[in-house]
Amino acid sequence: MEIPFIVNVRKDTGLFNSKVGIWLFLASEVTLFGGLFSGYLFLRLYADYPWPERALPVLPGLINTFVLIGSSVTVVFAWAALKMREWRKFQVYMSITLVCALLFMFLKGIEYNAKLGHQAVRIDGGGPVQGFEIVEGHVHYAELDEEGQIHEVSKKRKDEDGVFSANKIAFKASELTFVLTRPTHEAYVDEILKQAGDTHTITLNESYRVINEDELYEGKLNRSELLESENALVAQAGARLSTDVLDDLEDAYLDARSHDRKVRTKFLAASWDWIRDEKGIDEAATYVVEKEVWKERREEDTEKLKIVTLGPTAVVTFTIDPPLTLILEPSDLVKFTEDELRLRDDTVAKGALVPSPIIMGVDALDFRHTAQRAEAEELDPFPVIEQTWLLTHEGHHDHGDEGGGHDVDHRNEFKRIWDCHMAWLKAETVRLEKKGRVPSKNDKFRVNWDQIIAYRDVNPEVEYDKEMVYEYARDPEDGLVLYSSGLFDLKGFAGADHSEFEFPHLEIPREKVGFESTFTPRWSTYYAIYFTITGLHGLHVIGGALVLGYYLFFGRKMYDSNPEWLANRVEIGGLFWHFVDLVWIFLFPILYLM
Amino acid sequence: MADSIAEVQKAKKLYMFIGLLLFFFTIVTVAVATMESLDFGEHGFDKVDAIIGLTIAAFKASLVMIIFMHLNHEKPLVYFFYILGLVMAFFCIALIGWSKSDPIRYGSPNAGDGFYNPDKPATKSVH
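If you're matching them up, the sequences are chains A and B in order.
As numbered in my numbering, residues 526 to 1119 make up the first sequence, in order.
As numbered in my numbering, residues 1226 to 1352 make up the second sequence, in order.
Quick caveat, the hints were computed from the structure, so don't treat them as lab data.
All C-beta atoms in this analysis are idealised placements derived from N, C-alpha and C, irrespective of residue type, glycine included.
Don't take every hint at face value.
To be verified - Mimicking SDA-like on lysine to any residue, the simulated pairs with C-alpha atoms at most 20 Å apart in a straight line are:
1. A/LYS951 x B/LYS1272
2. B/LYS1300 x A/VAL534
3. A/LYS633 x A/LYS951
4. B/LYS1272 x A/LYS536
5. A/LYS536 x B/LEU1302
6. B/LYS1272 x A/VAL963
7. A/LYS697 x A/LEU718
Said to hold, decoys possible - Derived, one-sided and incomplete: chain B residues facing chain A with beta-carbon distance under 8 Å:
8. ILE1230
9. PHE1249
10. THR1251
11. HIS1268
12. PHE1270
13. VAL1273
14. ALA1282
15. LEU1302
Claimed, not checked - Residues of chain A placed beyond 10 Å of chain B at every Cβ, according to the derived structure:
16. LYS544
17. GLY559
18. LYS683
19. THR706
20. ASP1106
Pulled out of the complex, with its shape left as it was, chain B reads as follows (with noise of 0.2 Å):
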C-alpha cells in the first residue's frame, strides 16, 4: 500500500485510470448485453451471455479488490480473511449441486401434486 506521499500521489492515477476502466467495462457489459451485434450465443439471453456478464463482473471486482481495496498490497491475514469469505461464498453456491440429489423434490418420476418436478406440471398453477 502506498504509504509515503509520494507513492499515494503516484497512486491517485492508478485509481483514476481503474475508475475509468471500472466505467469502461461496465458499458461493455451492458453492450454485450443489449445490442445485438453483440448477442453472442443464441438469439437473446442464455447461457453465454450470462458467462460474458459474469466474467466481465468477476474481473470489474477483482479491480475493485486489487486496486481500491488495496489487496495487492496487503498482509497475509487479509488474504486469509478473504480467501476464507470466497471458499465460504462458493460453499453457499455449492450447496444448490445437492438439491439435485432431493429424491423428493427434483426430478422425480414418483414426486406427487405439491412437490416441484419440471418433467411434470403441477396441474394447477403455483405462481
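Next up, chain A with everything else stripped away, as it sits in the complex (with noise of 0.2 Å):
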C-alpha cells in the first residue's frame, strides 16, 4: 500500500504528513521536559537542605554541549547533502553524527560512574546542631585480620578474596534464625555459605517436624507420637544449611499452614453458622462482636484446633562452627545491635558486633546542612561547626606498612582543614570586600576537592600555624591558588582522582553514620532529578542515534528508488536530533552551572 503525502505535501495543511506527526510527538515531549523541568524547579526551590550547586564537573558537559551542537549541525548538513543528492557527504556527516552520539554517552557514562562510585556521610556526632555534617569522598578497602578485626589494606579496588569495601557490617555470628513464612533467603543463603567456606560449619539445632495431614486424619490424635512418627521428619538434626534444605523446610512449613488455615476457617464458619441460628441473622453480628457467648464459643474452638492442626514452627535455627564473622552490605541489613543482626529477609544473627566503621578518603567537607540548621536555631554557625565530632574527634595514628613505612599522625587532620579554610576565608573576605562583595555560604561551609589538596600542602609535617596559612592565602589577585582550579585541568576531569592525590583519611564509627549512600537518588532530590532527566535525555539520544543509524546503514535502495522521500525522512529524524539537542542545551547550565 502506498502511504500518502511522505513526499509531496498536503494542500490542506501544507506539510508532508511525518512532519506533521513529528512535530505532534515534539509538542508532547516539550510537555514531558516541561514537566521535568518543573519538577526540578519544585524540588530546588523548596528543598528543606543546601542544594548542591555546581556539583557536577563542568568539563565533560561543557564537552557534551559542544558535541551535541557539532552533531546538529551535522544532521542539518547530511539533509542537505541528500537535498543535493550528494550519497558520499551525507555518509560522511550522519557518520560523524552518530560519532558525536557515541562520544556523548561514552562521557555520560563516565559521569555516571564517577557518581556512582562516589561516597557521602552525614555524620551524626555531636555537638548543639547534631547530624548534619557531610563529608564525601571514597570509600577505602579493607580485609579481617587475624584477630578478625576489620583492617585497612588499600585505598584502590584490590579484587581479592577476603577484600571488600571499607563500608561493610562486620558481624561474628554463632547462630543464624531463618523466618520460613518469607520465601527470600536464596541470596544471603548463597552469601553465607560462601563466606563460610570449608572451614566453617552450619547446622541445624534440632531436627523439623511437621506432623503427617493424613496420619491426622487417620485418628492418631496423640501430638507427640505424630510428631516422632517418621513421616513427621521434614530435616533432621545437624543437617547442613543449603538453600535446598531452607526449600524443604519452608514447603513443609507452608502447606502446614495452609492446611491449618482451612481448618480453621472451616470452624469459624461453623461458629457463625451455630451463632446466626441461635440468635438470628439481625443480632448475630452483635454477639461476634461484644457478647460473653460467641467468646465461649470461640475459647472452645481453640481448644478443638489444637488438636486438629498441624502447628508447624515457622522459625528454624541453625548453629555456626567455629563462629563466623560476616561481611554484609549495610543495605541488607534491618538493624544491627551489639549482639543480634536483622536481615532484610528477616533472619536473624546472633553473636557479637565487630567495629565496623566506613574508612574513607575525603575529598569535600560539607557543613553548609550544620550552618543552615544552626541559623535556623540563632545560633552562630561557626563555634557550632568547630564542636562537630568531625572537627573534634581524635582521629588515628597509622603506623604504616611493615618494612619501613610511613609513620602518619592523622590526628586533628580535619580541624587543620578547617583552621585553613578559615584562614583562606579571612583573606578572601578581604579580598571581595575589596569589590564590595562578601563570600557565598558553599565558600564559607563547604570545603571542596581542590581546596583540601591546597590545604594539605601548606604545612603537612609540623604544627599547623594558622598565620602561615593567612599570608599563603592572602593573594591580593586570585586568593589562594587551588591546585586544580582551572577548567580544563583533566585531573580533575570526573571530580576528585583518588589515585592521583592523597586525600585525609576518615574511619567513621557506625554509630557515628548518620545516613550514607553513593551520589545516587538515594542520597537527595538532587540526584533524583539528575538521573530522571538525564537518564531520559540519555534514552533519546541512543533512540535518535539508532534512527538515524538506520538511515545511514539501510538507506541506500531508498536513495535510489526516491531520494527525496529519504531526505525528508532524515530531515524528521533531524528535526528530533536537534529537540535532544535543545533539551541539554537548557540542562547544561541547569545542572552543572548553577
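Two independent chains are provided; combine them into the complex using the hints.
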C-alpha cells in the first residue's frame, strides 16, 4: 500500500504527513520535559537542605554540549547533502553525527560512574546541632585481620579474596535463625555459605518436624507420637545449611500452614452458623463483637483446633561452628545491635558486632546543612561547626606498612583543614570586600577537593601555623591558588581523582553514621532529578542515534528509488535530534553551572 | 525552508554560522558562571546568574529552533503544535505557583512535624 503525502505536501496542511506527526510528537516531548523541569524547579526551590550548586564537573558537560551542537550541525548538513543528491557527503555527515552520539554517551557513562562510586556520609556526631555535617569521598578497601577486626589494606580497589570495600557491617555470628514465612533467603544464604567456605559448618540445631496430615486424620490424636513419626521428619538435626534444605523446610511449613488456615476457616464458619441459628441474622453480628457467648464458643474452638491443626514452627535455627565473621552490606540489614543482626528477609544472626567503621579518603567537607540548622536556631554557625565530631574527634595513628613504611599522625587533620579554610576565608573576605562583595555560603561552609589538596600542601609535617596559612592564602589578585581550579585540568575531569591525590583519611565509627549513600537518588532529591532527567535525555540520544543510524546503513535502496523520500525522513529524524540538542542546551547550565 | 539546490547550498553557510554562534554562546555561559570578573550580582551563584544563564540558553534554543528546525520557514500548523507544546510546558512550570497555596505543605505556622515548613525545620534530619 502506498502511504500518501510522504514526499509531496498536502494542500490543506502545507506539510508532508510525517512532518505533522513529528511536530505533534515534539509538542508532547516539550510537555514531558517541561514537566520534568518543573519537577526540578519544585525540588530546588523548596529543598529543606542546601541544594548542591555546581556539583558536577563542568568540563565533561561542556564537551558534551559541544558534541551535541556539532552533531546538530552535521545532521542538518546530512539532510542538505541528500537534498543536493550527494550520497557520499550524506554518509560522512551522518557518520559524524553517530560518532557524536557515541561520544556523548561515553562521557555520560564516565560521569555516571564517578557519581555511583562517590560516597557521601552524614555524620551524626555531637555538638549543639547534630547530624548534619557531611563528608564526601571514596571508600577504601579492607580485610579482616587475624583477630577478626576490619583492617584497611588499600585505598584502591583490589579484586582479591577477602578484600572488601570498607563500608560493610562485620558481625561474628554463632547462630542463624531463618523465618520460613518469607521465601527470599536464597541470595543471603548463598552469600553466607560462600563466606563460610569449608572452614565453618552451619548445621540445623533441632530436627524440624511437622505432623503428617494423613496420620492426623487416621485418628492418631496423640501429638507427641505424631511428631515422633517417621513421616513427620522434614530435616534431621545436624543437617547442613543449603538453599535446598531451606526450600524443603519452607515447603513443609507453608503446606502445614495452609492446612491449618483451612481448618480454622471451617471452624469459624461453623461458629458463625451456630450463632446465626441461635440468635438470628440481625443479632448475630452484635454477638460476635460483644457477647460472652461468642467468646466462649471461640475458646472451645481454640481447644479443638489445638488437636486438629498441624501447628508448624515458623522459625529454624542453625549453629555456626566455629563462629563466622560475616561481612554484609549495610543496605541488606534492617537493624543491628551489639549482639543481634537482622537481614531484610528477617533472618536473625546472633553473636557479636565487630567494629565496622566506614574508612574513606575525604575529598569534601560540607557544613552548609549544619550552618543552615544553626542559623534556624539562631546560633552562630562557626562555633557550632567547631564542636562537630568531625573536627573534635581524636583521629587515629597509622604506623604505616611493615618494612619501614610511613608513620603518619592523622590526628586533627580535619581540624587543621578547617583552620586552613578559616584562614583562607578571612583572606577571601578581605579580598571580596574590596570589590564590595561577601563570600557565598558555599565559600564559607563547604571545603571542596581542590581546596583540601591546597590546604594539605600548606604545612603537612609540623604543627599548623594559622598565620602562615593566612599569608600563604592571601593573594592580592586571585586569592588562594588552588591546585586544580582550572576548567581544563584533566586531573579533575570527573571530580576528585583519588589515584592521583592523597586525600585525608577518615574512619567513621558505625554509630556516628547518620546516613550514607553513594551519589544516587537515595542520597538526595538533587541526584533523583539529575538521574531522571539526564537518564531520559540519554535514552533520547540512543533512540535518535538508532533512527539516524538506520537511515545511514539501510537508506541506500530508498535513495536510489526515491531520494526525496529519504531526505524527508532524514529531516524528520533531524528534527528529533535537534530537539535532543535543545533539551541539553537547558540541561547544561541548570545542572552543571547553577 | 530551502528547497532548491541553490537555496540549500546557501543555507549551509547559515547552518555553519549558527553552529559557531552556539559554540560561542556556550563558552559565554561557562565564562559567566565560572569567571569571577563576569560574575554578576552577588559573589557566587545567585538569581542574577540564573537569569543570565537561562536567557543565554533560551537564545541558543531559539537559534536551534528557528534555523536548524526551520521554524523560520514553516507552515502555520507547525507553529500551532510548537505553541501548544510551549503552553503545556509553561503550564507544568506554573503548577509550582499553586504549591504555595497548599496550606499543609508550605509556610503554614500550623504545619506539624513531618510536613515541610522552611520556617520551622524538622527536628530530625530528613536528608
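Structure-based check of all given hints:
1. A/LYS951 x B/LYS1272: Given pair A/LYS951, B/LYS1272 is violated - Cα atoms ~25 Å apart, limit 20 Å.
2. B/LYS1300 x A/VAL534: Roughly 11 Å between the alpha carbons, so the hint for B/LYS1300 and A/VAL534 holds.
3. A/LYS633 x A/LYS951: 38 Å, violated
4. B/LYS1272 x A/LYS536: Judged against 20 Å, a Cα distance of about 48 Å means the pair is violated.
5. A/LYS536 x B/LEU1302: 12 Å, holds
6. B/LYS1272 x A/VAL963: 16 Å, holds
7. A/LYS697 x A/LEU718: 14 Å, holds
8. ILE1230: 5 Å, holds
9. PHE1249: 10 Å, violated
10. THR1251: 5 Å, holds
11. HIS1268: B/HIS1268 check passes; min Cβ-Cβ to chain A is 4 Å, inside 8 Å.
12. PHE1270: 5 Å, holds
13. VAL1273: 12 Å, violated
14. ALA1282: With Cβ-Cβ at 5 Å, under 8 Å, it holds.
15. LEU1302: At 5 Å from the nearest chain A Cβ, B/LEU1302 passes the 8 Å test, so the hint holds.
16. LYS544: 7 Å, violated
17. GLY559: 3 Å, violated
18. LYS683: 31 Å, holds
19. THR706: A/THR706 is indeed farther than 10 Å from all Cβ atoms of chain B, at 31 Å.
20. ASP1106: 6 Å, violated
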